[in-house]
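Protein chains: 2
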Amino acid sequence: MKNSFLENLNQGVLGLKPYEPGLPLEHTQKKLGLEKMIKLASNENPLGPSPKALDLLQGKMNSFSSELNRYPDGNAYELKEAISKKYCVDPNQITIGNGSNDLIEFVSRCFLREGKKAIYSQHGFAIYPLAIKATGALPVKSKAKNWGHDLELMIDLIDEKTKVVFIASPNNPTGTAKTLLEINDFLDNLPDDILVFLDQAYYEYIEGSEFDIPFSLIDDHPNLVISRSFSKAHGLAALRLGFCVSNPELSDYLNRVRQPFNANSLALNLGKVALSDQEHISKSVKINSSGMDRVKKAFTNLDFNYIESWGNFISFDAKQDSDVAFQYFLEKGVILRSLKVYEMPQHLRVSIGTEEEMDFFLQVLEDYEKDLSKK
Amino acid sequence: MKNSFLENLNQGVLGLKPYEPGLPLEHTQKKLGLEKMIKLASNENPLGPSPKALDLLQGKMNSFSSELNRYPDGNAYELKEAISKKYCVDPNQITIGNGSNDLIEFVSRCFLREGKKAIYSQHGFAIYPLAIKATGALPVKSKAKNWGHDLELMIDLIDEKTKVVFIASPNNPTGTAKTLLEINDFLDNLPDDILVFLDQAYYEYIEGSEFDIPFSLIDDHPNLVISRSFSKAHGLAALRLGFCVSNPELSDYLNRVRQPFNANSLALNLGKVALSDQEHISKSVKINSSGMDRVKKAFTNLDFNYIESWGNFISFDAKQDSDVAFQYFLEKGVILRSLKVYEMPQHLRVSIGTEEEMDFFLQVLEDYEKDLSKK
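Protein sequences appear in the order of chains U and C. Residue numbers for the first sequence follow the working numbering, so the first one is 1 and each next one is one higher. Residue numbers for the second sequence follow the working numbering, so the first one is 1 and each next one is one higher.
Treat the hints as calculated values from the structure; they're not laboratory data. Treat the numbers as computed from the prediction; the structure is a model and nothing was measured. You can take every hint at face value.
If chains are identical, the list can't say which one is meant, so a pair holds when it fits in one copy or spans any two.
With a straight-line Cα cutoff of 20 Å, these simulated SDA-like cross-link-like pairs (lysine to any residue) come out:
1. 297 with 366
2. 272 with 67
3. 161 with 114
4. 370 with 321
5. 375 with 321
6. 332 with 304
7. 141 with 16
8. 116 with 13
9. 297 with 362
10. 52 with 286
11. 52 with 62
12. 272 with 65
Go ahead and model the full structure; you've got the sequences and the hints to work with.
Rendered as structure tokens:
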């Protein structure tokens, strides 16, 4: 190596491959010269941000603007108060993240290092193995069962080096979810000294009370951390905000590896209001639910297999190479997500958009099916 | 320990103490019931954010607002282009941080782990030892010389376990700076495989061309990383934005440990404009310069020793315990920073504010001196 200092790079870092975000709408549209293009690639809320958060932004624009030179509240006092009240948890159980990605890293950096292992599921969120590897620890991929986490296998894979298990419910990109009963059983059978990170970024979209895993589960299982995001139902992906709830002793440590000003002032202020905007959340869930129904019906009619989803997206078997199928939709003006990197070589993921966006997607899907059957 | 999983915490994390931010203005004022209070504790730009950035925010408010549900551009394409043009560096040399704190962590996580060491200076920025410890590596504190970094000693302290050296110029909280000649000598005498992180958060405030350390120095020293911040002269501390320039091979790795959406959309958009707002930067530097002159004269007249500063703050010997002195100023309505945690048991740091803020501070300083001499 020409630059000798690069030989000092940590082994785990050498093996990291950057996460690939969805294609940006504007740039892609220009490049392809398309008149119309929609992005259903990043599981964003198609209704936009919480209107209450926007009202606050408009109303307090002057004071926000004049305060941009001031550091954010590093302790996120008011946001924690709001979370505390809404979910009946103590503020000292809460850790604020610059998106929930930040929280995945805190847990990894607290418990993982060279010589340690963490378990995640096949077809699980791509950030888990990245965060694990970056610490030097070994990511152990547990084979999926019916596209979802095989919780029994995850326990079987635990050895004395294993320190953390990552679970997502609903899981991105498959949309699979676990019931409270399943998670409870899993926790009961898990050695007490293994930390469980339960990622609930898509929590608000879950329909079916048996899938509602409440923060109070932490009271019985102090080794459980539950994270939530403001990037999905709350519609604040641009501002980066997430939080997790844990045993207070643990949150004390998570907050020590947290950068003192990790969350920006706008995220803290708008997040607080978005949290209480139940109307927007309900509306978002409703739009999602009807969009999901339409898409599932279309998949059935056009004979595409899909994976039952509890999130704001759904993955389906495109009957040919994911990247080829992705390209077809792209050229017709729909940005989807190819799931090849998720070991789903024929699957595409589509985020549920507005009614108009779904009209457009379903039209292209029909064309796709026709072209496919001609082959 | 009751919670057995806490026994798995990494050793470095156990030793972390949280960074203590400056007291918040509003909350502190309420608590003390003071009619007037000013905060000169966090080296923020007293003129506020770049007006050009604010104009953009006002002008594009509607499009920013409606896009809050969309993820930021993870590759920060436009901001990198702007930095590239302004500083004649290649976009692939740039890494964007959620504040420059983020960049300090990237370097630490790339090169440090248990069994490794990193060197920083006594009276250096508190984040360095925190970031080092969090990786499990050993922070080695190099004794300061005339309150500044002793670069020769820092080289002497290097052993085969040392992988990174942190240098700040100007350094917070002492305000000391290094000349290009000094840094060049240091790099020439340093083993090639040691990475140097040169923190220039206060770069814009430096007066004296001999202290101007340009990014082009990286061409001769590929083991050099130079970071800059938008939290100081650009006045965007609330939004969290920084960047570093390095050898492209290294920035490739730094970007791998970076969270894909670490910088939020508003920071990316406003940062791009603030960067080009030379008028605001010049004005900020001018205000700083005249405020600094006034404060230094007052220190001389009232017989307080101070440390010559190249930043937007200055530290002085309060002639008694820092915390006691801090409390005096606090109760009179001026939030300063006690430097006890920086092994400066009698020093206080004051950020240079507006003319009015300096009037107020200097009045309280006079009172303080009078009360002190009565003792």
